[in-house]
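Chains V and L are the protein sequences, given in the same order. With the working numbering applied, the first sequence closes on residue 197, and no number is skipped along the way. With the working numbering applied, the second sequence closes on residue 125, and no number is skipped along the way.
Possibly wrong hints are sitting among the right ones.
Keeping only pairs whose Cα atoms sit at most 20 Å apart, straight-line, the calculated SDA-like set for lysine to any residue is [said to hold, decoys possible]:
hint	chain 1	residue 1	chain 2	residue 2
1	L	Lys19	V	Asp172
2	V	Lys70	V	Met108
3	L	Lys12	V	Glu184
4	L	Lys12	V	Ala157
5	L	Lys12	V	Leu150
6	L	Lys23	V	Ala97
7	L	Lys12	L	Glu32
8	V	Lys70	V	Met85
9	L	Lys87	V	Asp140
10	L	Lys19	V	Pro115
11	L	Lys87	L	Thr64
12	L	Lys47	L	Lys87
13	L	Lys12	V	Ala152
14	L	Lys19	V	Leu104
15	L	Lys68	L	Phe46
16	L	Lys74	L	Asn59
17	L	Lys12	V	Ser147
18	L	Lys12	V	Pro115
19	L	Lys23	V	Ser147
20	L	Lys12	V	Thr52
21	L	Lys47	L	Pro58
22	L	Lys87	V	Glu135
23	L	Lys12	V	Glu135
24	L	Lys95	L	Thr72
25	L	Lys87	V	Met85
26	L	Lys12	V	Ile155
27	V	Lys166	V	Ala152
28	L	Lys12	V	Ser99
Since the hints were made in silico from the structure, they are not lab data. Keep in mind the model is a prediction, meaning the values are calculated, not measured.
Given next are the chains, with one letter for each unit.
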Amino acid sequence: MDQSFITPFIHSIQNVFTTMLQLPVEIGEPSLKRERKATHDVSGIIGVSGGMQGTIVLSMPEEAASRIVTLFTGMEIDSDSPDFADAVGELVNMISGNAKAEYQRKDVSISCPSVVLGAEHIIATPSGTPCVKIPCNTDCGEVVMEVALREVPAESENPSTAAA
Amino acid sequence: MRIMLIDDSKTMRNIQKSVLKQLGYTELEEACDGQDALSKVSAFKPDLCLVDWNMPNMDGLTFVKKFRETDKTTPLIMVTTEAEKSRVIEAIKAGVNNYVVKPFTPDLLSERITETLSKCGAA
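Please work from the sequences and hints to get the whole structure.
So this is what it looks like as structure tokens:
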């Protein structure tokens with residue numbers, strides 16, 4: 034995958050976590066994700082369609098997610114509560130939206146977020162699209178951005194495709 | 003001052019509510035998408051709306067266009083992750099008075115609300 038697809042997410046997660054959570058993020062070495070199962074138990078998922086297609090996942094261990102949600106909402110929320118999923122979804126929404134703005138292409142749309150909780154769940158990514166894991170260390174624990182995106186040639190774009 | 007918060011994320015509405023309460027605004031109504039907002043505006047009669055863009059059922063841009071068919075003056079602020087210049091222009095053409103990109107600090111949101119109300123003569 035083109036490095037230019039990844040850099041916007043590095044900038045974006047740092048911007049969102051610093052602004053909304055006052056939580057600095059240290060970026061680790063990105064790597065290709067080969068396994069199908071989710072990296073951690075909590076996944077916030079956004080589908081990308083239009084000029085670029087694929088999925089963006091914010092993956093966190095439940096303990097880190099709980100700490101992050103507490104920082105974001107100002108209160109402790111049980112992971113079974115819909116408000117927990119709402120907060121995780123809004124974080125991945127902001128990260129994806131901000132990253133999207135850095136792309137040169139103007140015809141990229143993002144879906145509303147979905148959130149999945151549970152050990153070893155599987156998130157299907159479009160076949161033939163590599164997925165890059167970006168590890169991010171924070172004082173709340175490790176979070177991982179998983180970016181599976183490919184550019185779509187103008188003539189074959191299908192704006193109605195949303196992957197999440 | 004009646005303010006309507008239109009966002010599918012309860013977390014985001016709560017953050018906005020907390021900023022507005024600090025500014026002294028307490029008459030607040032919430033809507034979870036454009037359709038929900040349209041069904042509430044005639045009863046609530048907002049003096050200001052904060053509108054998200056990406057929402058299920060009816061997105062914020064469609065809400066703004068429909069709202070402006072009958073109300074040309076109530077100030078609308080788009081509060082969204084859509085940060086591209088082309089999107090900002092699209093929203094302004096549809097009738098929004100100001101634009102806030104998420105993520106935002108409480109100070110920035112306060113500033114934009116105060117600025118919008120003052121420009122629109124609603125402060």
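Kindly indicate which numbered hints from before are broken by the structure, ordering the numbers from low to high.
The structure conflicts with hints 1, 2, 3, 4, 6, 8, 12, 13, 16, 19, 21, 23, 26, although it agrees with all the remaining ones.
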